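Participant: So you can see what is in the structure, the chains are spelled out below.
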Amino acid sequence: MDLTGLLFWIIAIILVGSALLVVGLRNIVHSALALIVLFAMAAGIYLLLNAEFIAIVQILIYAGAVTILVLFALMLTRTSNLGGSSNPNNKQWWLAAIISTLVGAAIIFAATLSQYSTAQGGSGTAYGTTSACTLPTNNVTYIGQLLYSPTCYSYVLPFEIASLVLLVAIVGAIVVGRED
Amino acid sequence: MGLTLNHFLVLGALLFCIGLYGALAKRNAIAVLMGIEIMLNAVNVTMVGFSFFNKVKPYSTYLTGQIFAIFIITVAAAEAAVALAMIISIYRKRSTVDVGEINMMKW
Chain C
1 MDLTGLLFWI
11 IAIILVGSAL
21 LVVGLRNIVH
31 SALALIVLFA
41 MAAGIYLLLN
51 AEFIAIVQIL
61 IYAGAVTILV
71 LFALMLTRTS
81 NLGGSSNPNN
91 KQWWLAAIIS
101 TLVGAAIIFA
111 ATLSQYSTAQ
121 GGSGTAYGTT
131 SACTLPTNNV
141 TYIGQLLYSP
151 TCYSYVLPFE
161 IASLVLLVAI
171 VGAIVVGRED
Chain H
1001 MGLTLNHFLV
1011 LGALLFCIGL
1021 YGALAKRNAI
1031 AVLMGIEIML
1041 NAVNVTMVGF
1051 SFFNKVKPYS
1061 TYLTGQIFAI
1071 FIITVAAAEA
1081 AVALAMIISI
1091 YRKRSTVDVG
1101 EINMMKW
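Read top to bottom, the protein sequences are chains C and H. Letter 102 of the first sequence, counting from 1, is numbered 102 in the working numbering, and no numbers are missing. Letter 45 of the second sequence, counting from 1, is numbered 1045 in the working numbering, and no numbers are missing.
Keep in mind that the hints were calculated from the coordinates and are not lab data. Among the hints, a few may not be true.
[To be verified] Examples of chain H residues lying across from chain C (beta carbon under 7 Å, computed):
id	residue
1	L1015
2	C1017
3	I1030
4	Q1066
[What the hints assert, rightly or not] Covered, in the sense of this in silico footprint (three residues per stretch, anywhere, with C-beta under 8 Å from a C-beta of chain C), are these stretches of chain H:
id	segment
5	1002–1010
6	1019–1027
7	1034–1046
8	1067–1073
9	1080–1090
[What the hints assert, rightly or not] A short, non-exhaustive set of chain C residues, derived as facing chain H with CB atoms under 8 Å:
id	residue
10	T4
11	L21
12	V22
13	A42
14	L49
15	S86
16	W93
17	Y142
18	Y153
19	L166
20	A169
21	G172
Quick caveat, the model's predicted, so the values are computed rather than measured. Quick reminder that beta carbons are idealized off the backbone N, C-alpha and C, glycines included.
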């Protein structure tokens, strides 16, 4: 087994294990700490897939910002009225286990074994127009060109709409969370 | 044995169903939110895997999967901020984060 395969199996095992810890631990602060491990290992998966920019963004936004938000929300709320543990299951947890197992089995069947699975396709038919711009080989430079460039093939309009979504979300969070 | 797309698809599916279990089975609203974050990460792993193994020409040239993952990360950050503001606001009014007790919109 080559180095990439070995790294993939190590990262995948830590990833699934920390996900199980997030849903399984009794103390919710420990769950939030396991969430940090999960986000960092997902960044490792992105590095294996040659997506350096997304790996760095994952570390910055998920392991940095989102986890800090979750920890702040945990500190601002008290969970003593939830019973013994601060991260309890509800009464229908067995139903949730059955449903999630069925959904996971269906996704795995559809992705790998089914005759319509995308993994067995990939005919590689070329269509569409090619851009006149030169394509950068650096991943970060290329994604920058794909997001911002006004002349080449790029995703400028979705990018601007995403900034609008962020603005609305920030204003909405302030309005909802305001103390009045 | 090299890595194929199936490895990443199965990894994403496993993460997705663990996150689905967390979102369905937990009583603490913040734990439900953490389950949703795991599900969004599973989708991101699948998207970046598709982007790496894709051979269809315009989508592989323009990294469509990675761009999708970037927008998913953006929307997930906005969703986390709004959801945590709502949880804190509900906690201030009802002094509980139990999703079983937040039933003021139920009839």
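Participant: Does each hint fit the structure? Answer for all of them.
Facilitator: We went through each hint and held it up to the structure:
1. L1015: OK, holds: H:L1015 within 7 Å of chain C, min 6 Å.
2. C1017: Result: holds, 3 Å to nearest chain C Cβ.
3. I1030: Hint holds; H:I1030 Cβ to chain C Cβ min 6 Å, cut 7 Å.
4. Q1066: holds, 5 Å
5. 1002–1010: holds (count 9)
6. 1019–1027: Result for this restraint: holds, n = 8.
7. 1034–1046: Since 7 is at least three, the answer is holds.
8. 1067–1073: holds (count 5)
9. 1080–1090: Check passed, 9 qualifying residues.
10. T4: Status holds, d = 6 Å.
11. L21: violated, 10 Å
12. V22: Holds, because the Cβ-Cβ distance from C:V22 to chain H comes to roughly 6 Å (cut-off 8 Å).
13. A42: The hint holds - C:A42 has a Cβ within 8 Å of chain H, the shortest such distance being about 5 Å.
14. L49: holds, 4 Å
15. S86: Interface hint status for C:S86: holds (7 Å vs cutoff 8 Å).
16. W93: Holds: closest Cβ of chain H sits about 4 Å from C:W93, inside 8 Å.
17. Y142: holds, 7 Å
18. Y153: holds, 6 Å
19. L166: holds, 6 Å
20. A169: holds, 3 Å
21. G172: holds, 5 Å
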